[in-house]
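The numbering of the sequence shown is numbering that gives the first Met the number 0, which starts it at 0 and goes up by one.
Source of the hints: derived by calculation from the structure; they are not laboratory data. Note that the Cβ used here is the ideal one computed from N, Cα and C, for glycine as well. Do not take every clue at face value.
[Claimed, not checked] Derived CB-CB ranges, DEER-like:
id: 1; residue 1: Ser67; residue 2: Ile16; range: 14 to 24 Å
id: 2; residue 1: Ser49; residue 2: Leu29; range: 14 to 24 Å
id: 3; residue 1: Ile26; residue 2: Ser49; range: 29 to 39 Å
id: 4; residue 1: Leu22; residue 2: Ser67; range: 17 to 27 Å
id: 5; residue 1: Ile19; residue 2: Val66; range: 20 to 30 Å
id: 6; residue 1: Phe56; residue 2: Gly30; range: 16 to 26 Å
id: 7; residue 1: Pro23; residue 2: Met0; range: 29 to 39 Å
id: 8; residue 1: Val13; residue 2: Ala68; range: 27 to 37 Å
id: 9; residue 1: Leu22; residue 2: Phe56; range: 19 to 29 Å
id: 10; residue 1: Met27; residue 2: Ile1; range: 29 to 39 Å
id: 11; residue 1: Phe56; residue 2: Leu20; range: 16 to 26 Å
id: 12; residue 1: Ile26; residue 2: Ile1; range: 28 to 38 Å
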Amino acid sequence: MIAAVVFGVLNMIVKPIVVILSLPITIMTLGLFYFIINGLMLWLTSAIVSGFDFSSFGMALLVALIVSALNSYFDNA
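Please put together the full structure from these sequences, using the hints given.
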């Protein structure tokens, strides 16, 4: 529960700044860099909240991909 709150706060405060700063890279990769930003937000959440850990940044990217896919599915449903 705490991890969800921290993740939400990071997405509200830190993510918009990172998205704006990385806009050229995101455009060059046709939006694929956005998954890396989502993975970074999950990784930062795991660094802040004890008990919410990823074995590697790659695993955070995989979870970010799954979360993005589910979010896209439910937004279109």
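A quick look at each hint next to the structure:
For the hinted restraint 14 to 24 Å between Ser67 and Ile16, the CB-CB distance of approximately 19 Å keeps it satisfied. Between Ser49 and Leu29, the C-beta spacing of about 37 Å breaks the proposed range 14 to 24 Å. In this structure, Ile26 and Ser49 meet the distance hint of 29 to 39 Å, their C-beta atoms being roughly 37 Å apart. The supplied range of 17 to 27 Å is met by Leu22 and Ser67, whose beta-carbon atoms lie about 18 Å from each other.
A hinted range of 20 to 30 Å holds for the C-beta pair Ile19 and Val66, which are about 21 Å apart. For Phe56 paired with Gly30, a C-beta distance near 20 Å keeps the hint of 16 to 26 Å intact. Distance hint check: the CB atoms of Pro23 and Met0 are about 37 Å apart, consistent with the given range 29 to 39 Å. For the pair Val13 and Ala68, the beta carbons lie near 22 Å from each other, so the given range of 27 to 37 Å is not met.
Here the CB-CB span from Leu22 to Phe56 is close to 22 Å, well matched to the stated 19 to 29 Å. In this structure the hint that Met27 and Ile1 lie 29 to 39 Å apart at CB holds, the actual value being about 36 Å. Roughly 19 Å separates the CB atoms of Phe56 and Leu20, a value that falls within the hinted 16 to 26 Å. At roughly 35 Å, the beta carbons of Ile26 and Ile1 sit within the given window of 28 to 38 Å.
In the structure shown, a violation is registered for the earlier hints numbered 2, 8, in ascending order.
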